[in-house]
Amino acid sequence: MLPSSDELEAFHNRLKHTDSNLIKSGSKEVKRAEIIGEIYQLARDWLRIAAALRPSDVVDGELLKNFDVQMIELQRLTESRTRASAYRKMLTPLLSEFFEWVITPLIRFEASPAQVARHDLLNILAKVITPTEADYIDEAAQCLTLRCHRAAIIMLWSAAIARLHNVIEQMSFASYNSALAATVAKKVTPFKHVYNTPISSLAELQKIRDFDILVVGMELWKYDIQTFEELERLLGTRNNASHPGMSKPNALDVLQYARKSSDFVFSKIHFTPTVQ
Amino acid sequence: MYENAEEVIARILTIVAKCPDNLKEKCFEVLLRGYVETEISIPARRTANETSVLTEREDTSIEAAIPEAVRQRFKSTAKRLSVSLPKLAGLFDFGNDPFTFHALVVPGMNNADKTRKVALLVAAKTYLATGNWIADWQEVKAECINQNCYVSTNQSVNLQAGEGKVWFKSVEVGKNIELSAEGQKEAQKLLTLIAQAE
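In order, the protein sequence lines correspond to chains A and B. Residues in the first sequence are numbered consecutively from 0, following numbering that gives the first Met the number 0. Residues in the second sequence are numbered consecutively from 0, following numbering that gives the first Met the number 0.
These aren't lab readings, by the way, just hints derived from the structure by calculation. The reader is advised that the hints may include incorrect statements.
[As the list claims (entries may be wrong)] As a list, the in silico DMTMM-like pairs of lysine to aspartate or glutamate whose alpha-carbon atoms are at most 20 angstroms apart:
(1) B/Lys-23 x A/Asp-211
(2) A/Lys-259 x B/Glu-162
(3) B/Lys-78 x B/Asp-96
(4) A/Lys-191 x A/Asp-209
[Unchecked claim] Derived DEER-like restraints, expressed as beta-carbon distance ranges:
(5) B/Glu-24 x A/Gly-244: 38 to 48 angstroms
(6) B/Glu-24 x A/Pro-54: 43 to 53 angstroms
(7) A/Ser-174 x B/Val-165: 40 to 50 angstroms
[Claimed, not checked] Here are some of the chain A residues that sit facing chain B, going by a computed Cβ distance under 7 angstroms:
(8) Glu-6
(9) Gln-40
(10) Asp-44
(11) Ile-48
(12) Pro-104
(13) Val-115
(14) Ala-116
(15) Asn-249
(16) Ala-250
(17) Leu-251
(18) Gln-255
(19) Lys-259
Please read all numbers here as calculations on a predicted model, not as lab measurements. All C-beta atoms, glycine included, are put in the ideal place defined by N, C-alpha and C.
Turn these sequences into a full structure, and let the hints steer you where they fit.
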């Protein structure tokens, strides 16, 4: 996983702190175990950070290689009697280039449009989703960073449907069945398009069409026809995203979809996860 | 158009060479943009009538450039701030998805003041994109680097100092910065100021 720029800045501060400790020793041999230990740990931490940075291409690969060589040498120096100046000789190039060539590119990457869209998506939904739904939302956010906007919409809808299924399960299937009976008794659109399929298990609920759940939802959760129509539009967008066609949603469309899902599903239909 | 491009670019490069290394890229971008915009507009060559027709056409094309998902929010914000839509839209680059800031200069008396104003502007951009008055921590950092006011060890202190206590609900390293009602007002003032100056 890519380290954050905040983590790298903390690492940079440790480097600076160690360097200022070494300055105090001038060209004398470093004998204090905690300084030697910190240098060893810094080198180890750098190699871990570099390994995480390398696949992302955010930081120049050649630069990482050079830093690796210096850090491995630094680690080797901790195994023998070494002067502070020798340690500093290895640390100085890293210190002088670290912020500009490692931290700054990472900060810019974190603020790139796709990453910002990812943060925005998570912010829109952060306060209204459960841990189960968060799995879908995280996947939607990943899709957004890869510019797979249709896939992101599908994952968002999956989270919304997970909410509806969980709430129905919590309310009891009998409540759903009685709401279904009241729905199918109405002979006008959209009620007349609902299949009369009572359920007694989660597996059966999972087989029910999303459209039917949205219509029955008017009985179950007492939302009005306008809310139903908004939900139906969200379902339509999801269907457009999952079937061949000319729909080409952009990142802002995905964010708008997330906002509407939040307003019409997650903030309206409440689910209380049971404590295990 | 661009008849004297070689000569102008040579002059731009001379000016850029005099800038500090970390500002060279930015300086080049700003100067080149200024030149390109001058070449595109050339208002002196137009008659009054041509100008009004062109302005109308430009307005329509700017409006069309704003993604549909946020167009209405841009329009209502421009109206609320009493700024023309092209001026407000002109602050953003809609070539990126989602849109980003064009190169702009954030005012401020010192690094701390500038940092807080960057956070207000980033929150205003998030508002235009999503409806939330929230500044993304990482985006604030990146924009502070662009504005040359990023001080790694003091970022959160700078944000919390002075008016920061009133403008931001809370400031924590790595967390989003949510604007208070006062901060939202200030962000809108700042957006108006910058849009009118551009």
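Structure-based check of all given hints:
| no. | hint | verdict |
| --- | --- | --- |
| 1 | B/Lys-23 x A/Asp-211 | 60 angstroms, violated |
| 2 | A/Lys-259 x B/Glu-162 | 34 angstroms, violated |
| 3 | B/Lys-78 x B/Asp-96 | 24 angstroms, violated |
| 4 | A/Lys-191 x A/Asp-209 | 15 angstroms, holds |
| 5 | B/Glu-24 x A/Gly-244: 38 to 48 angstroms | 42 angstroms, holds |
| 6 | B/Glu-24 x A/Pro-54: 43 to 53 angstroms | 27 angstroms, violated |
| 7 | A/Ser-174 x B/Val-165: 40 to 50 angstroms | 48 angstroms, holds |
| 8 | Glu-6 | 9 angstroms, violated |
| 9 | Gln-40 | 21 angstroms, violated |
| 10 | Asp-44 | 18 angstroms, violated |
| 11 | Ile-48 | 16 angstroms, violated |
| 12 | Pro-104 | 10 angstroms, violated |
| 13 | Val-115 | 6 angstroms, holds |
| 14 | Ala-116 | 5 angstroms, holds |
| 15 | Asn-249 | 5 angstroms, holds |
| 16 | Ala-250 | 5 angstroms, holds |
| 17 | Leu-251 | 4 angstroms, holds |
| 18 | Gln-255 | 5 angstroms, holds |
| 19 | Lys-259 | 11 angstroms, violated |
Hints 1, 2, 3, 6, 8, 9, 10, 11, 12, 19 from the earlier list are contradicted by this structure; the remaining hints agree with it.
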